[in-house]
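Trainee: With these hints in hand, go ahead and build the complete structure from the sequences.
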Amino acid sequence: MMLKRPLAAPSLAWLLLLACLVSLPAQAHKPSDSYLQLTVDGASLEGRWDLALRDLHEMLDLDQDGDGRIRWQEVKASESRIFTRLRRSLQVTGDGANCSLSPHQMALSEHSDGLYAAVSLQGECPAAPQSLEVSYDFLFEIDPSHRGLFYLEFGGVHSSIFSPDRNRVEVTGGVAGSGALFVRYLREGAWHIWAGLDHLLFLLCLLLPAVLRREQGHWIPAPSGRRAFWDITKIITAFTLAHALSLTAASLDWLQLPSRWVEATVAGTIVFAAINNLTPLVRERLWMLGFGFGLIHGAGYASVLSGLGLPDSALVLALLGFNLGVEGGQILIAAAFMPLAFLARRQAWYRHGVVVPGSVLAALLGLVWLLSRVFDLRLEGLF
Amino acid sequence: MFFHHVRPLLLCAPLLLATAFPSLASTMPETFVPKDPEQTLLKVNPRDDAAWQSLREDRQTLLEQPDDLSLALDLARRAIEQGRRQDDPRFFGYAEGALSHWWDMNEPPLQVRVLRATIFQYRHRFDAAMRDLDTVIERDPNHAQARLTRAIIHTVQARYQAALEDCARLSRLGLRITALTCSATPASLTGSAGRAFELLSQIPQQGVDDNTLVWALTVRAEIAERLGRADTEDQYRQALKVASERPDRYLANAFADWLLDQGRPDEVLTLLADFADSDGSLLRLALAQKQRLDQGLEAASAPLEEHKSELRARFAAERERGGAVHHREAAMFQLHLENAPGEALWMARDNFRNQREPLDARILLESALAAEAPGQALPAVRWMRGHGVTDVRLEPLVARIEASAVTDPAMATDGDRP
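One line per chain: the protein sequences are U and X, in this order.
Residue numbers for the first sequence follow this note's numbering, beginning at 8 and rising by one.
Residue numbers for the second sequence follow this note's numbering, beginning at 26 and rising by one.
Treat the hints as calculated values from the structure; they're not laboratory data.
Do not rely on the hints blindly, as some may be mistaken.
Unchecked claim - Distance condition first, Cα-Cα at most 16 Å in a straight line; then the derived EDC-like pairs of lysine to aspartate or glutamate:
no. : chain 1 : residue 1 : chain 2 : residue 2
1   : X       : Lys68     : X       : Asp299
2   : X       : Lys315    : X       : Glu363
3   : U       : Lys83     : X       : Asp61
4   : X       : Lys68     : U       : Asp70
5   : X       : Lys315    : X       : Glu330
6   : X       : Lys68     : X       : Asp291
7   : U       : Lys241    : U       : Glu177
8   : U       : Lys83     : U       : Asp68
9   : X       : Lys315    : X       : Glu331
10  : X       : Lys68     : U       : Asp72
11  : X       : Lys68     : U       : Asp68
12  : X       : Lys315    : X       : Asp282
13  : X       : Lys266    : X       : Asp302
14  : X       : Lys315    : X       : Asp286
15  : U       : Lys83     : X       : Asp235
16  : X       : Lys315    : X       : Asp291
17  : X       : Lys68     : U       : Glu291
18  : U       : Lys83     : U       : Asp72
Everything numeric in this text was worked out from a predicted model, so none of it was measured.
Mentor: Here you go:
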């Protein structure tokens, strides 16, 4: 989105270039190309167009005194003629409506075959476009082997090459681009729940005993499905809200936690939830436990999101997509697990063969993770 | 892209973007404004250059009357001649532009076809060129220019019998010297190098136009070089002398190759000083600087690196526009200057499918040896043995390839497989 390169102190290449210029301008022979770069930001357009001085001269005769040398002041003096020609050579429409696009400044740049006029462009579409059409017609009538190398930042980066046979491109980037972005983060979020074994395990620990009730030190089947469903909904909603909060906060850098300790605490939540199934520590208001632990897990998701990178332009959309993806993944798991658990809740094997051993296993696994994360151990082959 | 771990760094967003999108960055070098407005940025033809001025005016006339065939042909011919002399593809673009009214026609006038074929030939699009030339010759078997152009493409693509037939037709049309020079290369590559050299030596130095004479002398010098004759240098110098009025890039590059083989890089620097604008010459200048560096001259290191980075940029620019990089030069660059025999071999093989001149065979043999994949050079070995090519530069390479035949299983089967 930034087209202008930083204006650094004169580089070595710069100085070398100056040295070259004093002796003889380097001008290699290659077919004619121009380099056009555009960025769409909302309704406004910004860009840069580099055109070989040689091509401009071929079209517009820049050598005002006719002495066979083109000087910077001659190029500057031809600026308005150059700009008029460029304005005619480039047409942009956004969703079918004409956008303005005008050259407004000219400098020089050096490409592999010599010096180019580097012209900055600015323009405006009537409204933020969803699709952009660019027509290019520069030099083709003189040199059909000319090519316009086009780079467009519009949602993503698009590139194409203008030729006489293909002098128009249409790029859909705005809303559809955002849609694609949203879907991508949604998918990443959902996938993370499946692939992130620790989060999955924590969720299962919460769900395992949800179809049971604890009375006088024994598990009994929950009497009503609606009650069980309601309990689970409360837990998952609280967990989701909490992790959405902390995930957002961490992604925006409002909350900065060392990731190793976050990961260790996530492992700790698994141990706690699993032991809680075996010997009750917290029985009432499990949703509060879900909320508190959700905060921790959300901070853990943030590290995944940072690995994906967050687009500055569509930060909110990406965060929303990722959160909804995580939540959708959880709901899918709960929806697949709960009916089975509910049907099996009266069976003794479910209580003794699933809930208890499952929780023991989860507690052990959580403990291993906890220790390896706290002490930063590498347990090769384990995970 | 760990953007949010490095948020403070976002202050340098342009820099980050440059790393994130290398292609974007590479297309947009830094901009600057010259401090001195009087500074010369570009040398062009001065206005009193009559030839350039009339070219411009004629082009303007043609833009207003795009179907003026005789003006278009005249303009295209002049542009092609300029482009050839300067080895500058832009002029071939202007030639195409002059013919644009007829360019995409299925049945353009024959003269347009011939020029279109010439432009395709320059761009190494030999198939497209052959289609046009076949049509022209089918309708007008005595079209000398079409015959000559087709003979040259046949020669480049190693169809020597077909080339000789086209050349023979030129002789029947009374173009004796052109015909003789035309057939010298295919004859010399099919076992008659000595005879071809003798015939070329009988061409009188007087009464022949300079262009034809330079061409004949260049071909003779090349044959002398392939024969390993002691007078090769004299042959080249004789050609250069006739060409002194109008320096010939092809000839200069060929002589430069010979000088490099002799380990005389200093002379290459003077020979090609004015030609650094074309890739082929710049490559040889770089090879010369490398030889000087290898001979212990530290001062050669800076110009060598400069040439290398310029060549790299030119090959990259060509790829970026979707054009066909001339694989022979690119392969030579990869093998001799980038020390990348694998890459070189890939390009040399690809190149050898399209063109089979001795230099194309040489780079294929050399890169196959360097990449320790002698089997990959089989197409070049077959070409050499099959046609009876005489070339003292290639003999030792082929011998080394054949000696490693025992160890490379590819030699036993089909080396032509990709």
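Trainee: Look at each hint and say if it fits the structure.
Mentor: Comparing the hints with the structure gives:
1. A hinted pair counts as satisfied when its Cα atoms are at most 16 Å apart, and X/Lys68 with X/Asp299 qualifies at roughly 14 Å.
2. Pair hint X/Lys315 plus X/Glu363 holds up; C-alpha atoms about 11 Å apart against a cutoff of 16 Å.
3. Annotation: proposed proximity of U/Lys83 to X/Asp61 holds, straight-line Cα distance about 12 Å (limit 16 Å).
4. Pair hint X/Lys68 plus U/Asp70 holds up; C-alpha atoms about 9 Å apart against a cutoff of 16 Å.
5. For a cut-off of 16 Å, the pair hint linking X/Lys315 to X/Glu330 stands: about 9 Å separates their Cα positions.
6. For the proposed pair X/Lys68 and X/Asp291, the alpha carbon gap of about 27 Å is over 16 Å, so the pair is violated.
7. Taken as a hint, the U/Lys241 and U/Glu177 pair is broken in the structure, with Cα atoms around 48 Å apart against an allowance of 16 Å.
8. Taking the CA atoms of U/Lys83 and U/Asp68, the gap is about 13 Å. The hint holds against a cut of 16 Å.
9. Restraint check for X/Lys315 and X/Glu331: the C-alpha separation of about 12 Å stays at or below 16 Å, so the hint holds.
10. Proposed proximity of X/Lys68 and U/Asp72 is supported: the alpha carbons are some 13 Å apart, at most 16 Å.
11. Between the alpha carbons of X/Lys68 and U/Asp68 the distance comes to roughly 12 Å, so the proposed pair stays at or under 16 Å and holds.
12. For the proposed pair X/Lys315 and X/Asp282, the alpha carbon gap of about 14 Å is at most 16 Å, so the pair holds.
13. Of the supplied pair hints, the one linking X/Lys266 and X/Asp302 is violated, its CA atoms being roughly 22 Å apart against a limit of 16 Å.
14. With a CA separation close to 13 Å, the supplied pair X/Lys315 and X/Asp286 stays within the 16 Å bound.
15. Between the alpha carbons of U/Lys83 and X/Asp235 the distance comes to roughly 44 Å, so the proposed pair goes past 16 Å and is violated.
16. A hinted pair counts as satisfied when its Cα atoms are at most 16 Å apart, and X/Lys315 with X/Asp291 qualifies at roughly 11 Å.
17. This hinted pair does not check out: X/Lys68 and U/Glu291 have alpha carbons roughly 87 Å apart, beyond 16 Å.
18. At most 16 Å may separate the alpha-carbon atoms for a hinted pair to count; U/Lys83 and U/Asp72 meet this at roughly 14 Å.
Of the numbered hints given earlier, the model fails hints 6, 7, 13, 15 and 17; all others are met.
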